[in-house]
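Once you have looked at the hints, place chain L on chain W.
Chain residues, written in single-letter form:
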Amino acid sequence: MTLHSKITGAVSGIAVSCIAFAAQADVLFWSTQAKPVEESQAMREQVLSGAGEVDYQPNDPGPWITRLNAELQADSGTIGVLGALHGDFSAMDPDDLVDLSDLGVMSASSTFNDLSKLGTDSMQYIPWMQASYIMAANKEALQYLPEGADVDALTYDQLIAWGQNVMTATGEAKFGFPAGPKGLKHRFFQGYLYPSYTNGVVRSFASDEAVTAWEKMRELWAVTNPASTNFSFLQEQLLSGDAWIVFDHTSRLAQAFNERPDDFIAFPAPAGPTGRGFMPVLAGVAIPRTAPDMEASKALVAHMLKPETQIATLRATNFFPVVDVDLPGDLPPAVTAAGDAVAKMSGSADANPGLLPAGLGDKGGDFNRVFVDSFERIVLGGQDIRAVLDDQKGKLAAIMEETGAPCWAPDAPSEGACPVE
Amino acid sequence: MNARILPYVLILPVTLFLCLFFIYPFVLVSQQAFQAADGGWSMENFQEVVEYWKFPISMKNTLLLAAIVVPVQLALALLMATMVSKMKKGRDMVLYIWTIPLGISDLAAGIIWLAIFEQSGFLNSMLHGIGVVDKPVNFLTYQNPWIVFLAIALAEIWRATAIMLVILVAGIGLIPKEYYEAADVFGASKWKQFTRITFPLLRPSLQTALVLRVILAFEIFAVVAALGGTLFPVLMGQTYSYQFDLLNSGAAAAMALIILGISIGFTLIILRILRVPKGASI
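Residue numbers (my numbering), protein chains in the order written: chain W, 1 to 421; chain L, 1 to 282.
Bound-form chain W, shown alone (with noise of 0.2 Å):
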């Protein structure tokens, strides 16, 4: 050998150890949520800042899967931990997650650790942090509220005439529904007015309840702000007066909150014959099979597990805990405000808490689409919607026996796939 191959052999050598140690120092934390600059560095200065060396990365779920599935390809990766949404982990294959049972951490709820298992008989994922979906209106609103209606326990009927009232007496239609690319209107669908006339989703997709579920919301688009099909995060147009009663998650409508506390209220969704639907939100922490140091990685899935850190996951990102803590006094008045309204939600003497779809695995994308596009083409398009309806439900039903999903409350359960009734 001569002196300049061990030199070049000794130089390459410490480069690489160096490259080595450089990734081990840091957990890449590859993650859909948190993505607004406030909360990414939120996570970074206050959630992770007790984890050790975290490289915190929020992305959207393009870009965020596709390099995911690049690294598992190669069978070699640099993420570390995975964060993202129930919905984000069940599109992927369960093989390529880390199996966490052994972990001796898990949410306080049976049935975030059941969806976590992602059909298998272990622990995919960690449930990480919880939302929901929920009403806010503008105090000015709440004179328009029509008679005998009572804010926290209001039925579809009276939301419309609200909405119309508001419309009388201002001449704009002020209902906020976030309709936009990145609305998340089908979560309303499937969560909200379907459990609420159909007591189901998939079983009476094209049921007689549900056509009047559609008739319904035809009405409330009639007191909708036209504009609601540019709407994806509703804080913006209750800030700007857009709109004065909206419908959407609770992080979306974080920032009108904690900007103005004293301008809004946040209440529960409103009730159908059915009984009041509304659906979770379920975020969780998983490692994939290719993360490149296991110890620090299950380390950190850890560390978001512990109370403190979900106490400033909750200030961070306005997601609430998973595991049982007890909230401090000073929380932001978003939160304050969201917490009351879910509390109320689920506590009320009609709710009819649903659950998230699963066992969709990579078709959700799919699933969801058969909401959409229901609602462009009965609402946007004005078609009609006994037809849209069966032509909708020969898709959903392919969709259910293409995955053999089974059915989730408020469906009655199902042997094997769901079936469209």
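Hints are computed from structural coordinates only; laboratory data are not their basis.
What follows is a list of derived Cβ distance ranges for each label pair: (1) W/GLY382 / L/ILE157: 24 to 34 Å; (2) W/LEU327 / L/ALA67: 54 to 64 Å; (3) W/THR66 / L/THR15: 22 to 32 Å.
Here are the simulated DSSO-like cross-link-like pairs (lysine-lysine), alpha carbons at most 27 Å apart as the crow flies: (4) L/LYS192 / L/LYS88; (5) W/LYS395 / L/LYS54; (6) L/LYS135 / W/LYS139; (7) W/LYS216 / L/LYS54; (8) L/LYS190 / L/LYS177; (9) L/LYS177 / L/LYS86; (10) W/LYS35 / W/LYS298; (11) W/LYS139 / W/LYS216; (12) L/LYS60 / W/LYS395; (13) W/LYS182 / L/LYS60; (14) W/LYS344 / W/LYS216; (15) W/LYS393 / L/LYS54; (16) W/LYS395 / W/LYS182; (17) L/LYS192 / L/LYS89; (18) L/LYS54 / W/LYS182; (19) W/LYS216 / W/LYS393; (20) L/LYS190 / L/LYS89; (21) L/LYS177 / L/LYS89; (22) L/LYS177 / L/LYS192; (23) W/LYS216 / W/LYS395; (24) L/LYS88 / L/LYS177.
Cβ coordinates follow ideal geometry from the N, Cα and C atoms, glycine included.
For chain L alone, coordinates are given in the frame of chain W:
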């Protein structure tokens, strides 16, 4: 180095680059598009995307947008290029200002125009200020598809006319002055000079400008996403939603190939219509 092989050596890096980052991914995408769920060859993906109810709408929207936007841009670019080439002073300055939109990303352009057209936007403030409307009007809604279309077309014209302008200005600069002098001697009007000298001699540049612009028109995405939301489906938006919302790469690849097919078709048509006869080039 041997003068015969030097040109090939010089284009080698570009060729390698294209092979690695264009041809190779293109082959992969084509494979993906024709792959069935069970791994065999099939037209399943194409069938899926074509049968989707939004496909005809997005196809119509994309073609309509190209059909309106490109001719307007062509006329504007020709006009602007002739004006610039006639200028004696401040020519560079004007050219720089006109090409500013070229430096702005298409999403940013879409957002700029959204700030103009939205409910609390500049247009509404202005109309309100001069007393035309009592309260802000919603322009970009599902009830006014034509205004949405108009806004998108305006944003596209504003953003992408400059690319044609730059090519045409260069092309006009190449036309020898002698032709115009001769035309003047024979008393040809300015319009006649334009139709008989400028336009025919500009063919090669027109070809390039049109091909480039038409291809870009079929790839329109970000401006539409910003201004139209979900109201104005276009082919590229459908491709995006197959890839990222439905995680269906096969269908996205099929959409991409359909767009490629349309682009190639139109490129051939333009090349044929604006062909330069052999020996007639300057």
